[in-house]
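Number of protein chains: 4
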Amino acid sequence: MNNQVMEKPTLTVFNNLESEVRSYCRSFQTVFEKARNAKLWDTQGNEYIDFFAGAGALNYGHNNEKIRDKLVNYLMKDGVTHSLDMATEAKETFLTRFQEIILKPRGWDHKVMFPGPTGTNAVEAALKIARKVTGRSTVLCFTNAFHGMSLGSLAVTGNSFKRQGAGVDLSNSVFMPYDGYFGEDVDTMAYMEKLLDDPGSGIPLPAAVIVEAVQGEGGLNSASRQWLQRLARICQDKGILLILDDIQMGCGRTGPFFSFDDAGIEPDIICLSKSIGGYGLPMAITLIKPEMDIWEPGEHNGTFRGNNLGFVAAAEALEYWRTEDFQLDIGIRETQIRQSLEGVAKEYPEISGTIRGRGMIQGIAFDKAELAGRLSEIAFEQGLILETSGPHSEVAKLMPPLTIEMNTLTQGLGILKNSMKQLEAEESSL
Amino acid sequence: MNNQVMEKPTLTVFNNLESEVRSYCRSFQTVFEKARNAKLWDTQGNEYIDFFAGAGALNYGHNNEKIRDKLVNYLMKDGVTHSLDMATEAKETFLTRFQEIILKPRGWDHKVMFPGPTGTNAVEAALKIARKVTGRSTVLCFTNAFHGMSLGSLAVTGNSFKRQGAGVDLSNSVFMPYDGYFGEDVDTMAYMEKLLDDPGSGIPLPAAVIVEAVQGEGGLNSASRQWLQRLARICQDKGILLILDDIQMGCGRTGPFFSFDDAGIEPDIICLSKSIGGYGLPMAITLIKPEMDIWEPGEHNGTFRGNNLGFVAAAEALEYWRTEDFQLDIGIRETQIRQSLEGVAKEYPEISGTIRGRGMIQGIAFDKAELAGRLSEIAFEQGLILETSGPHSEVAKLMPPLTIEMNTLTQGLGILKNSMKQLEAEESSL
Amino acid sequence: MNNQVMEKPTLTVFNNLESEVRSYCRSFQTVFEKARNAKLWDTQGNEYIDFFAGAGALNYGHNNEKIRDKLVNYLMKDGVTHSLDMATEAKETFLTRFQEIILKPRGWDHKVMFPGPTGTNAVEAALKIARKVTGRSTVLCFTNAFHGMSLGSLAVTGNSFKRQGAGVDLSNSVFMPYDGYFGEDVDTMAYMEKLLDDPGSGIPLPAAVIVEAVQGEGGLNSASRQWLQRLARICQDKGILLILDDIQMGCGRTGPFFSFDDAGIEPDIICLSKSIGGYGLPMAITLIKPEMDIWEPGEHNGTFRGNNLGFVAAAEALEYWRTEDFQLDIGIRETQIRQSLEGVAKEYPEISGTIRGRGMIQGIAFDKAELAGRLSEIAFEQGLILETSGPHSEVAKLMPPLTIEMNTLTQGLGILKNSMKQLEAEESSL
Amino acid sequence: MNNQVMEKPTLTVFNNLESEVRSYCRSFQTVFEKARNAKLWDTQGNEYIDFFAGAGALNYGHNNEKIRDKLVNYLMKDGVTHSLDMATEAKETFLTRFQEIILKPRGWDHKVMFPGPTGTNAVEAALKIARKVTGRSTVLCFTNAFHGMSLGSLAVTGNSFKRQGAGVDLSNSVFMPYDGYFGEDVDTMAYMEKLLDDPGSGIPLPAAVIVEAVQGEGGLNSASRQWLQRLARICQDKGILLILDDIQMGCGRTGPFFSFDDAGIEPDIICLSKSIGGYGLPMAITLIKPEMDIWEPGEHNGTFRGNNLGFVAAAEALEYWRTEDFQLDIGIRETQIRQSLEGVAKEYPEISGTIRGRGMIQGIAFDKAELAGRLSEIAFEQGLILETSGPHSEVAKLMPPLTIEMNTLTQGLGILKNSMKQLEAEESSL
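Protein chains in written order, with the numbering used here: chain V, 257 to 686; chain P, 257 to 686; chain C, 257 to 686; chain B, 257 to 686.
Hints were generated in silico from the structure; no laboratory data involved. Mixed in with the good hints there might be a few duds.
[What the hints assert, rightly or not] Quick partial rundown of chain C residues pointing at chain B, CB under 7 Å, derived from the structure:
| hint | residue |
| --- | --- |
| 1 | Lys264 |
| 2 | Glu274 |
| 3 | Glu289 |
| 4 | Asn319 |
| 5 | Arg324 |
| 6 | Leu331 |
| 7 | Lys367 |
| 8 | Thr374 |
| 9 | Met405 |
| 10 | Gly408 |
| 11 | Gly520 |
| 12 | Ile521 |
| 13 | Met548 |
| 14 | Gly554 |
| 15 | Ile634 |
[Unchecked claim] Here are the simulated DSS-like pairs of lysine-lysine, each with C-alpha atoms no more than 30 Å apart in a straight line:
| hint | chain 1 | residue 1 | chain 2 | residue 2 |
| --- | --- | --- | --- | --- |
| 16 | B | Lys494 | V | Lys450 |
| 17 | V | Lys545 | V | Lys360 |
| 18 | V | Lys494 | C | Lys322 |
| 19 | V | Lys333 | P | Lys494 |
| 20 | B | Lys290 | C | Lys322 |
| 21 | P | Lys388 | P | Lys450 |
| 22 | B | Lys290 | P | Lys388 |
| 23 | V | Lys624 | B | Lys494 |
| 24 | C | Lys673 | C | Lys264 |
| 25 | V | Lys322 | P | Lys388 |
| 26 | C | Lys602 | C | Lys673 |
| 27 | C | Lys264 | B | Lys360 |
[What the hints assert, rightly or not] Chain C regions said to be covered by chain B (calculated; three or more residues, Cβ under 8 Å):
| hint | segment |
| --- | --- |
| 28 | 311-317 |
| 29 | 349-358 |
| 30 | 461-473 |
| 31 | 505-512 |
| 32 | 675-684 |
All values derive from a computational prediction rather than experimental measurement. Every residue, glycine too, gets a C-beta built ideally from N, C-alpha and C.
Based on the provided sequences and hints, a complete structural model is requested.
Below you can see the structure in the form of structure tokens.
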């Protein structure tokens, strides 16, 4: 890879025909053509290492070969592609395997709902059923939470720029401080409990609490096991439903299949999307405890609940979780990423901030927020795709495919290190 | 096809593992395995003619071979599958072709927004941008409108059963009577205009009006050309944005590519989904006049805006519209369906109601509402998939793939006729 | 009265110290000092005939002597003035007399609630209890309705200027066309019924309908007896509560004590304020059928629920209704007003519009809306206080005290006639 | 006073005819007839000392003789009683005197708005104008705040029982922890500032913050001067309007005329009601900085904005503030109350809780919440009217008229002490 000579394809068509809302194509200015596992190539043949992984939708890599075989085979045999919510063989296989590999070993019997093809559908459905079960309307959510762009999900999303996009008041949600929000000394779960116990707090008994175990968009903030356990206990004690949004952190991103597995909790409702579709195909599911699955038939519907290519890919992807091996592989990569970040932090103490995250979503939170974005630019020039997150876009976020080859990972971390070097040079020359 | 001996596959897996919200699989109780154009087969080999077409997502038929070739080819060459909103070759091709075949001939220069993979995303984005452009919050919508299940779209959807599912108050929408709602003598557009002109009406100047040219879920109600033109004029005069939801009726369902083409109007915002994805793949777009495309980058986002398989399929599907031929073919089928329905109505006057709809979405509105559902049951027993719609599910709705072979169409209409015969026999024996 | 020489007091103090929101003092630019029955005098001794009557709060005239005697006596004997909602002798007297004179003769057993001292409190309480009784949130209201300025009441008020003042979205209300709104040929009650019967109309089953029998602020629109009866029947059939806002029209303004007495209906909830306080003193009550009076103690409260001067005055004012005499007197005045308006209309056909209203609230709706305001200006110059109403302030509204002496009434009507003459002269000189 | 033989009047009329919502008459079961300064007498001649003072509406005592003289004189000379918002001599006097005695000495030039006759009207108007000035909708409020019962005010009131009475979702308000809410170690103003500075907190830039310097209904929680000053500074820095609700605490309740005078802040908007009417007469005002007084004429209105008896009484009551004497008198009483409470606390340590409040609103917050209510019962049996407050009604609240005679105060405090003795006896016998 000789990035110095990369000639980039033109974006004229996109600039002329696509809406101004487009964004990632402004950060990563090229036209991509091919992809395989952790690598992308643009139409000029330039190669990129992908530390973004479709914002978590490509945990199993781009164009995973094992999955692709299944897809092509299914297409060639005229398998049903689109089925609304009618029963198909492909859906049956997915359901069976999901129960066998994911639910059963945990002793769970959640029902699987197909709420539509994307994460925000899973969240909208979760909020609806929580409100129906409890007959209450308010949902508690957390500072810097991200749950989606449709109005229901947006109401529980913290980002003010996204919220203003609604153009209407977002209601029926109340924000609570996330774990560690007000410093280590303030116990935010105690604060939430006090508000719930105080009939004069202005906070009604909510239908549900919706939470991420690690906040991806919010800046790689992690909730401790204890905090999650306490949250789960408070919910149970007060008859509040616990909704775990594992859309970005699920499917192994933090190590285990569910990001909250190590806390030993069993949420009432779980939202999955992104990598559940295995191959980057649109798919989402909402898991609901059977006693709370009180939907009327068709009370929530949608055209693309039956994307069978998604079911085929998803079923194959679940095979990664049949044994412990995959999680062990993730652990090895987690360690390498952590060591590399710590090395970088040590080498460039002037510009480095805090290391955040866990599993295969880790990053650097810069004290000087704009450095994260500049690092991303430099890295891209050197062939590495790296995004930022956090309320001030202050975190440079590493989230390669979980399946990334070790040498590609090493190569990518090398580019990161070089980019930090350049960043440090730029900063010291100011 | 000998329906008497059809042995059906069991639905045990679905009954045990899937949420109670599932619905179509309760009406059409079998497990589908294969599909081609207008036919489906279940795992026992039973054959069904599809007069439902994925609720409008399969205008080009199941597993359209021309499109499939493109998909398989794309998969095999490692084309980028998932790209968020980064630029890809597949997206470029779609954009270019959409401009060339759809926008340019109409003299339009709408920008194309990718709001997420499903119709409700397209509507949510449309509502957001209309509110942003105008700085106003209210949106007018119509009795029996259907626009989607996420909170923003649900607020402009008429169906009370779906609305109650929200569990919260749905606000910022005001319902107006659709064309013909209060009988032929009451000019509903004049009523709307009076309310808008009266500063004491309680109806504020809205950001937008959202409308379907034909209401699919609402019972195949059609707006006249004159009514739509007047609506467009009122909107223009008052600075209200006109949002045309062509998710179900677009892509040729009523004949021309857009269902409102014959009214000669140019809506400010147009929502497309369902068949825009060509092959039943999740995809949606929101078209926005350039002067209204004032989004900030990333103000609305989502994981599955870049489903490249959808772009590949969509680009190929657009080829159907390069010449007039496809629309002529639809016209021929429209006529046959109309004649067949009129014949049925004449033959069974005791039970028949009104014929509704146009193009390749037509149906019978029964005076005795439950007959529509019973007709659907009988038809399914005889190998025809036929859904109902309308506020009382009183309309038996025919919407086969636009690409249906003439003999399959004849065959399907024959089953419909037989089913009506059986229905009439059941009714007279009461 | 020689209006040519009236020298007006200065408004400097008000202009300097009072908020810009002040309004009537801009129309009637003087400083008032004394008042008696239907006459006011300013600090310069100029005399005015009052055809406005405190917007309906002075049905028994300014400083009604019989009532004043009671007030002074009560004050001098140290009667409790302010009592929150504690029991007092004055309140007991009012309650007893209200039951005896108003409720009992109608065979009603509504409970009397003291919701706070002004009309909007009565409406807020009515909406709350209706929502509590039904467990539903939406309230139907009517075009050009006026119910008050606090957020709950404002949400059911049609005037867009007032609504915009809220600064937030007003929700949980749906506006229906009032009787005659869309012309005589359109049956607005049938329209409302159709919407309520249609599960796809977007209109949920409401908690209540709130209505005025005559819309005072809305432009003196009267609902027919039949229309009100049908409304009452629909409400009863569907379990919707009927709230009759008789704040401006009650206490005899239209003839009988309640403006809807001639329709023979018994609303579930009735709001009274304005003249219920007898002497223009702040007071309001909400009448609730006993089976709907399911308030918890203190669930709604307020500091000025126990304005005992109001109770003393109100109790005395009720004496007007012990016999039929007062209503007969009102009828005589109603006829004189009507004849005078008809005479004026005949004399100045070029500028006259429609005569509206009934009882002692009648007026002229001008086709050229601004004439109403100009008429009011001219009349004031000539010593007559006359306000406008209607969405375009197009109605010149006559609402003198019900107790106005016949010769003062004649005098006031004379000024009106002269003012019309001048108005006509101005118009023809354009 | 020999309470053993008190025979109480019957409440039959109230029980039969008044709504179930009545509450104080259930705690203080008698029918009151006469009152003077800090004493009340029922219809049986029983005497009561009033430590409740109309919930703060009777700071100048019951039937204050000096004020009464003015009222009777005004009534007898036919002064205008009801004037909507037309200019009257009585209003002119009030405005002039309010400026002279209250505004001018503080160097303020707030405009005076008459928003309607009760506190909730003042708050509704304050919220409206704050939203209009800023173009924003959210208002921050505090845990255990109380601002009124109409929907706008209720949305910023913490009490869950009152909030549920709304029957609809209360929106556009966000609750913040009041000073000391989460213990002394947590700086709640720093927490609020962090939320406002964090674009991911979910808390938008608000139109206003509404706050009480001492929370009366909320349990006599006092904000420190520093906390208020910091709040004022944050508001100023961020362009947020500061609304000070001084309805219960203003007019000298805490010592100075405004409860926040000692903090040296100048709120953008101030709400006054209760004792502003001098004699317990319904009246409220909203003070608005002139640059924020951007109301359109009539944008907010109401029937009882012109209660001239209120103006007459209010103008006379302001005379109390012409010199420092009245505040000194309050200080003497404050000290006596404090000493008495401390004495009681020392004498009955087993049952006593914390002493709260300042000025002439002080009380005992019991650890065992129900003791406060029981104390109130015992005291009433002994001829003392004493209410509770706080989210669990755990605070016994002393708020006698500011004008209470020293010996009556001593007498009342004596009853309190006796009541504590009895309470302690009851508790130890459990």
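Given Asn319/C as an interface hint, is its Cβ closer than 7 Å to any Cβ of chain B? holds (5 Å)
Given the hinted pair Lys624/V and Lys494/B, is their Cα-Cα distance within 30 Å? Holds - the C-alpha atoms of Lys494/B and Lys624/V are around 22 Å apart, at most 30 Å.
If you take the shortest Cβ to Cβ gap from Gly408/C to chain B, is it below 7 Å? Holds, about 4 Å.
CA of Lys602/C to CA of Lys673/C, is that 30 Å or under? Given pair Lys602/C, Lys673/C holds - Cα atoms ~11 Å apart, limit 30 Å.
If you take the shortest Cβ to Cβ gap from Arg324/C to chain B, is it below 7 Å? Nearest chain B Cβ about 6 Å off; hint holds.
Are the Cα atoms of Lys494/V and Lys322/C separated by 30 Å or less? violated (60 Å)
Given Ile634/C as an interface hint, is its Cβ closer than 7 Å to any Cβ of chain B? violated (18 Å)
Going by Cβ atoms only, is Ile521/C closer than 7 Å to chain B? violated (21 Å)
Establish whether the coverage given for the segment 675-684 of chain C by chain B is satisfied; the threshold is a Cβ-Cβ distance below 8 Å, and no fewer than three residues must meet it. It is violated: at least three residues are needed, and the segment 675-684 of chain C offers just 0 whose Cβ sits closer than 8 Å to chain B.
Using 7 Å as the Cβ threshold, decide whether Leu331/C counts as touching chain B. Holds, about 6 Å.
Does Lys264/C hold up as a contact with chain B if the rule is Cβ-Cβ below 7 Å? violated (10 Å)
Does the closest beta carbon of chain B sit nearer than 7 Å to the beta carbon of Thr374/C? holds (5 Å)
The structure does not agree with the numbered hints 1, 11, 12, 13, 15, 18, 19, 22, 25, 30, 31, 32 stated previously, though it agrees with the rest.
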